[in-house]
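Chains as they are written, first to last, in our numbering: chain A, 1 to 337; chain B, 1 to 237.
In case anyone wonders, no lab produced these hints; they're calculated from the structure. Even glycine gets a Cβ: it sits at the ideal position worked out from N, Cα and C. Worth double-checking, as some hints may not be accurate.
Label-pair ranges, simulated between beta-carbon atoms [as the list claims (entries may be wrong)]:
(1) B:Val120 to A:Arg106: 26 to 32 Å
(2) A:Pro156 to B:Ala73: 50 to 56 Å
(3) B:Leu163 to A:Val316: 49 to 55 Å
(4) A:Glu294 to B:Asp24: 23 to 29 Å
(5) B:Asp200 to A:Ser146: 44 to 50 Å
(6) B:Pro166 to A:Leu60: 29 to 35 Å
(7) A:Gly128 to B:Glu129: 52 to 58 Å
(8) B:Thr41 to A:Ala172: 40 to 46 Å
(9) A:Leu60 to B:Gln70: 37 to 43 Å
(10) B:Gly230 to A:Asp80: 46 to 52 Å
(11) A:Thr228 to B:Gln219: 33 to 39 Å
(12) B:Gly230 to A:Arg97: 46 to 52 Å
Not the full set, but computed from the structure, chain B residues with beta-carbon under 8 Å of chain A [to be verified]:
(13) Glu60
(14) Tyr64
(15) Ala139
(16) Leu206
(17) Glu234
Spelled out, the chains give:
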Amino acid sequence: MTGSLVILQPGHCVVTDLGRTKGPAFGLPVNGALDQFSAKAANILAGNLDNDPLLEITALDFRMRAVTDLLIAVTGAPLDLTVGGRECPQWEPVSVRAGETVAIRRIRTGLRAYIAVHGSFDVPTLLGSCAPDTVVGFGLKLVEGSEIATQKTTAPITQPHFGLPLFRLGFAAPDFSTHQVIEVTDGPDVEEFGSTAELLFTSTYTVSPRSNHIGLRLGGALPERQTTAEVLSRGVPVGAIEIPSRDELLLLLRGRGVTAGYPVLAVATTRSLDLLGQARPGHTINFCRTTVAEATATHRAACMELERLRTRVNTVFSLLGIGTSAGWRELPAAAGI
Amino acid sequence: MSAPTLEIFEAGDAALRAVATSSDVEANWTAVHSLAAWLRTAAVEGIYGAVPTYDSVLVEFDPYVTSARQVRAFVQLGMRQLEYAGTALRRPRRFDVPVVYGGDCGPDLERVAEHQGLEVADVIARHTEKTYIIRCLGAPAGSPMMDGPDFPLPVPRLKDPRLSVPAGAVSVAGRQAVIAPAVAPGGWCVIGQTPLTVLDASREPLVPYVPGDELRFHQIPEEDFTRFAGQFLEARP
C-alpha cells in the first residue's frame, strides 16, 4: 500500500539520492547527497536500498506530517528530532503514526541531515537519478504543503514497555566536529605547484560563507602555481582542490562542473568528502596526505560498517515482520549510456 | 595507425586521469574518445563513467567495488585493444545553428572585434565559415566544446564573469567556441545567441549531439529570432 507525507516547513530540503553517475559523460555534475555515508546509513536503517530517494535537509529547521503510518530513520549532523512531540533518537528506525509531525530542529556541529522513509519515494528521475540539478532545472521543488508519495506504509510498531526506545541497533554515528582533518592524495598536477604544495599540509583553512554544493571555498595560506601554460579543459574529479584565485582555495563537491581548466593540486578521499559535506562556514580544516591504497582501505572499512548495520537491520526487521529489500548492495549502474 | 601513448595519473581514490601525450592533437583526441567509448561498452562493474575532453579522459569508479589499481590495469588493456582494433568513432552528424550576432544577443561582439583588430563583419564571417567538430561535452550541462574560429589571437576571458548567461548564448574564449545549453554563470565572450533550444531535461537524449559531430553557425537577422524560438536543435537529415 502506498503512503504519503506532507511538508509543513521545508527549510532547505531536497529529495535526492546517491547521485547521477551517468551525468558526467553528458557534462552534468554527479550531484546527490553530500554526506554519502549518512545518506546510505539512513536508507539502510529504513530497510531501503542504498541508492533510494531520501530527504536531505541543510542547516535550517524542518517539519513534515505523516499522512499515513511510516517508518523513518534520521541520520547526519546532530540535531533535535521529535515525532508527535516525543524526543526520538537519530541513527535508529523510528515509527511514525498517521497524523504525527516529524520535526528537526537545531542542526548543529555539522550542516546536513537525512530522512529516509521505509519504501522510499516515487519521484521523477533524470538519467537514472532524482538528485536535483540546478543548472538544467531538474528536481522536485518542496514548499509548504508539498505532498510526497511513499511506496509503502508501515503499521505502527509499539514497544510494550513504556518509555523504552523502540529500536536499539547501537550504530556508532561518525564524529561531527567544527574542526576536521581531511585526508587527501596528491593531485595529478601537484608538480605544477613546486614546493609551495606543502603549504596545504602546514596551514589551517577556514570554510568561507561563499561555499555551496558545488564547492567549498577555504581561506588560508595558498600554494602557488609555478607554471603559466594554458590548461586545456579536462574532467576534474569530485574532491579536486584547485586554486582559481588569490583569495581562496576551492575544493570541489558533488555539484561541480565536470570540466575545468585549473591544475588539480590534491584530491580529497571518498571518506573525507562525507565529512566535507558537513562543513559549515567558519569550521576549520587541516589537510593530511594519504595514499590511494590507504584511502581505498578507509572507504571500504566504512562500507563494511554499513554492511554490518544492514545485517542487524535485516534481522530486526524480519523478526518484526517489516518487509526489507534484498540484503545485497545495489551497485551503481554500469557505465552504459 | 598506432594509437598515441597514454599516461595515467592518480586523481583521488575514485578517479584517474589518462592523458594522450603525442604531438598530434587529432590523434590524442581520437584516442581519448575511443578509450571512453570502449570503457562504456565494456560496462565493467564499479566503473561508472568516462569523461573524455581534448587530450585526456577522466575515469570515475566506486572504490568499494573496484580499485584504482584494477581500473588502471583495465585502462591499459583498453589502450592495447585500440592499438590493434583501431578507433571506431561513428560517422559524424551535421548541425546547423542560426545565430543573431551582436546587440543584446552578443554583448561582447564589438570588444572581441576590437581585440582581434578585425571589423565586426569579419569576426562574424570567420565564426560562420568554419565547420566545427564537437570535441567534448562540458560544463555547464552538456555544452558542445569546440575549437575556436580562425582568429588572429586567443580571446581573453572576461575580467568579471557574468552571473548569468542565457541559454543559447554563443561564446568564444581562448581558442575555443561553445554554445550555452542552459542558463549559467560564464566568463567567456558572448558574441551571439541562437533561438534554438539545445537542452531540455525532459528529452532523451539530453542534448542532440555527441563528441565528433559537426556544427556550423549561420547568421540570421534579429527579427527572425522569434521564428526559430522554441524549436529544438536537430541534426541535418
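Quick rundown of the hints versus the structure:
The hinted range of 26 to 32 Å is not satisfied by B:Val120 and A:Arg106, whose Cβ atoms lie roughly 59 Å apart. A:Pro156 and B:Ala73 have their C-beta atoms about 53 Å apart, which keeps the hinted 50 to 56 Å range intact. At roughly 50 Å, the beta carbons of B:Leu163 and A:Val316 sit within the given window of 49 to 55 Å. Our hint of 23 to 29 Å for A:Glu294 and B:Asp24 is violated, since their Cβ atoms are close to 38 Å apart.
Checked against the hint of 44 to 50 Å, the C-beta distance between B:Asp200 and A:Ser146 comes to roughly 24 Å, which is inconsistent with it. Separation of B:Pro166 from A:Leu60 is about 31 Å and conforms to the stated range, judged on CB atoms against 29 to 35 Å. The hinted window of 52 to 58 Å between A:Gly128 and B:Glu129 is violated, with their beta carbons roughly 41 Å apart. Under the hint 40 to 46 Å, the C-beta atoms of B:Thr41 and A:Ala172, about 42 Å apart, fit the expected range.
Checking the proposed 37 to 43 Å range against A:Leu60 and B:Gln70 shows it holds: the Cβ atoms sit about 42 Å from each other. For the pair B:Gly230 and A:Asp80, the beta carbons lie near 49 Å from each other, so the given range of 46 to 52 Å is met. Taking 33 to 39 Å as the suggested C-beta distance range, the pair A:Thr228 and B:Gln219 conforms, at roughly 36 Å. A hinted range of 46 to 52 Å for the beta carbons of B:Gly230 and A:Arg97 is consistent with their spacing of about 49 Å.
Among the interface hints, the one on B:Glu60 holds; its C-beta lies about 6 Å from the nearest C-beta in chain A, closer than the 8 Å criterion. Annotation: B:Tyr64 was flagged as interfacial toward chain A, and the flag holds, the nearest CB pair being 5 Å apart, inside 8 Å. With 8 Å as the threshold, the beta carbon of B:Ala139 comes within range of chain A, its nearest partner Cβ sitting at about 3 Å, so the hint holds. For B:Leu206, the interface hint holds, the least distance from its beta-carbon to any beta-carbon of chain A being 5 Å, beneath 8 Å.
Restraint check, B:Glu234 versus chain A: the minimum CB separation of about 18 Å is more than 8 Å; hint violated.
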